[in-house]
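**Student:** Since chain A is already given, all that's left is putting chains B and C on it; use the hints.
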Amino acid sequence: MTVLPDSAARRARGGGRLLAGTARPGGEGLRAAIPFLLPAVGLYALFTLLPIADTLRLSVTASDTGAGAAAGGGLQNYARLAGDPIFWQALRQTVVWLVLHLVFAGGLGFALALAISGLKVGRIFYRCAFFLPHVVSLAVVGVIWSKIYDPYFGLINGALYTLGLDSLARGWLSEPFLVLFSINIASSWQGFGLYMLLFIAGLQGIDRTLYDAAEVDGATAVQTLRHVTIPGLREVMTFVASLALINGLKGFATIWVMTQGGPFYRSELLTTYIYKLAFQLQDHGRAAALCVVLSLMAIAITVGFNRWRERVR
Amino acid sequence: MSRRRSDRWRALGLLPPLAFLLGPFLWLLASSLKTEAEIATADPFSAPDRLMWANYVDAWRIGSFGELVLNSLANVAAVVVLMILVCAPAGYAFAKMRFRGSEALFYLLILGLTVPIQAIVIPLYQLLSGLGLLDSLAGITLAQVGNGIPFGVFLMRNFFRNVPHELLEAARVDGCSHGRILLRIFLPISAPAVLALVVISALGTWNDFFLPLVVLISPEVQTLPLGLVRFAGTYSTDHRLVFAGTVISFLPIVLLYIATQRRFTEGLTQGALKG
Amino acid sequence: MLRRLGLGLAVAAAGIAAGFAPAKAEILKIWGPEQITDPVIADLWNGLKADFEKANPGVTVEFMVPTGTISNGAVQAAIQSDAGPDLVLTNSGVGRVGIVAKAGLVVPLTRYYDERGWKAQLYPWLYDTLKGQFGGEIYEIPDGLDVIGVFYHKDMFAEHGWTMPDSYEGFLKLLGEIKQAGIQPLTVGPRNNANGGHLFGNLLQVSAGRQVVGEVLSGKRPWTDPAMVKGAQRLVDLVAADYVQPQMVGLDLDAAARLWFTKRAAMMVAGPWFTNNARKAGFDMANAGYATMPSDIAGESLATGGVGWSWMLPKTSRHPDLALKWLDYILSDAVMTRRASHQSSWMVYPRALSGLKPTQPVLASVFAAADKGVGYNPSVYMPGNVLEAYMQVIQGLIGGQIGAEAGMAQIDGQMQQAAK
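Chains as they are written, first to last, in the numbering used here: chain A, 1 to 313; chain B, 1 to 275; chain C, 1 to 420.
Okay, chain A solo, but in the shape it has when bound (with noise of 0.2 Å):
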């Protein structure tokens, strides 16, 4: 399943027979489809598309009306970007938070999908409570996971000097190299019921005879996973990730509750720095300009993921 609409396939499917009996393409259709179609795209291009365009326009025009008189107008605000070594680091750290988002919750979305989905009993009781999860907000999230990872009185450290570990016990929110995980970890422990859900639909879809006809050539649970289970996921695991990829490039709350992008930027995401830029440091262009490389990033990301799966397939 992919996010964008397969026009090729749709013929393939549909053929002849979409015409047959339908209304004619064209000013017809378009006729027809208005009122269907006004009011959503109305609100959307109201209360989204037009902020996004003011968006853009402000990225070309306005300065930083906090910071001084410096002009804003072309590209300037772009380039003071691309000067800016915190947008670099935001940038490659935004990334890593998306490739561990993907990993971190999608993996365990996978995980606990396929541990559900082959129980006989308490089935439902699993894909509820694995859920709760999800219902929390995630600024609730972040002040809960803070005093896990406190250092001195934390569950986790706690544990480890139970443990006699004590050379395991970190600075989980302060050592630059585990702050980005740490965060991480919190907000997929938030984040995974989603996509846990979508793998079970997506593994109840599988068609039973395939598991009958394993079993019967002696499949072990591993081969079942490599020549079936994950087979038939194909288009469950593209749809999650494009979902993860895009989530993840918008992840904000849990890291400005636990963290707001220290210690010394190395949880800085370029969400949390648009936030800053605009309402901290009030430099409205340069917030703007990265909002709209953001948005680039993520059709290009969108795009180019869905493109590669198509050449896959």
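Hints were generated in silico from the structure; no laboratory data involved.
What you are looking at is a predicted structure, and each value in this text was computed from that prediction instead of being measured.
Certain hints may be false.
To be verified - Derived list of chain A stretches under chain B, where covered just means 3 residues or more per stretch with a C-beta under 8 Å from a C-beta of chain B:
id : stretch
1  : 117-127
2  : 145-154
3  : 208-215
Note that beta-carbon positions come from the ideal geometry of N, C-alpha and C, so glycine has one too.
**Tutor:** Okay, now just chains B and C, sitting in the frame of chain A:
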């Protein structure tokens, strides 16, 4: 016989990971029953001395949760209803109606999925201000619906694409307009997808914090997440109230999910995955 | 035709009714105070509100519980909305006031200082400071001053025979002895808040002195001045000696305070508001001591601070006259004394209040330190857009991610950009 026993073992085997994953939840629940002093100085992972149910009463009273809950409920209800009213026809149009520019329009809609709220919050704020919609539940609802339309339309479109085309053709041959087809035929069978839309929209709106923070100023219109922020100060926070308030906040959603989870999963399957 | 007539009549009737209607209660909406969700503090403010309403019949005072500060944009969003507050009490300091003043969100109060006699109700030095901040225009009334110094455990010190030295070398020696005794000498919580700045501000003060810091903050001297770098280096050295531990970068104020309240740490740099944290944590401050950080420069062992909280009048205020009346009320002797004697009081008020006993013994030390003179807490004085870099650099210094010179250079770079 042994299959059933191994099933039970497998079910039990998932309990440790569950305990591990739900640990933070239990911590939240336990902490919400502690006194402020306990939270501040005692071992964070010990059980509460006494069960301070008073924290819940206090959070409700001090945070004016009654008002907040009503506002949040109104907000969620409005968003959910609008989303269905607006996304179902649009999804149907993309799925079953042919018209010029449908693909381009769909791409335009997908664009909205990729944009984070931080990117548009300032222009959105100014837009709402210009329209006189700032500080109103109506304003925030419209903004949230506008931002949620990409996903909603996407979900409904996918679901409708999976509805066999013969249904549509038969109805057209009978002379039904698209409107009647949607209302009489497609909607009644799309309960799972609608439910998925309802649950996801409800969850997202209920927990929405960033936009309400900027748009809803008067306490009379604020929603639950903002209520929790009130307990935090520059240098000190009433943690017991934040924790109790959080538990109060997610209870309705948990109940909603448990009540709808089977059909909701079905809706996700057909709305998000097939096609 | 009939419908239009009916409509016209309805409008006329409404107009007449409005004219004859008795004056509705005027509502004065006040943003703040931020602690009003605490029952103890609510008790005080509801009392103040009741008395004001009694003295001004027809007026109702409403407190809007703050959802944020100037630093995170909540105050600005509130002022710009239609339902904005008529008066704001929030965490201030010239850096933050500057943000809203320059954005035109609050109105100058300069003339009221003369017209309404407010000038005489502040410490003279405070008034002079305010006058010098925005070229003569004053945009706030200070509500409370911050006086940041070192809180320590008197009983712990007595037990080990430790005393607060009067030189920085002595201070380092003391830290060593505390460490030897198996206690964490200093605790700090720089994550997500200003506590890193509190420690750093103290270090800068005792290393460079009040005048130098003042010049740096007003841009007359660079942050890379050797005296300032000395302060930064001292922080790095404290971490190297494990007197401040690098993992403390991951602590916020509550987590750092926990170390102090559980007596695992001996000292914590904070302001008088810390007694409020202690009250909530159920920690008895009877054995708490407060001292200014010792310095190697004569006369520079001072607490740092500045204006902590201020009242401001939003441009969109619907009842500016009522707001001004409230401000008169707040500045009155009766109200200030009442606030200062309340059990929750910890603030240093903007003028000397005679005959008042501090509500807690440790506050007596705080007020005594304030009398000695207060140095600059940079967090409160620097422009809003440099503050972020400042806090990040402090985290970097403690976490070992950047050296003293490079760190100060980064802050200086931001200051230069901001000054352009």
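**Student:** Examine the stretch 145-154 of chain A for residues whose CB is less than 8 Å from any CB of chain B, and state whether their number is three or more.
**Tutor:** holds (count 6)
**Student:** Test coverage of the stretch 208-215 of chain A by chain B using CB-CB distances below 8 Å; three residues minimum.
**Tutor:** That given contact is violated, which follows from only 0 residues of the stretch 208-215 of chain A lying within Cβ reach (below 8 Å) of chain B.
**Student:** Under a C-beta cut-off of less than 8 Å, do 3 or more residues of the stretch 117-127 of chain A approach chain B closely enough to confirm the stated coverage?
**Tutor:** That given contact holds, which follows from 8 residues of the stretch 117-127 of chain A lying within Cβ reach (below 8 Å) of chain B.
Violation of the numbered hints given earlier is confined to hint 3; every other hint is satisfied by the structure.
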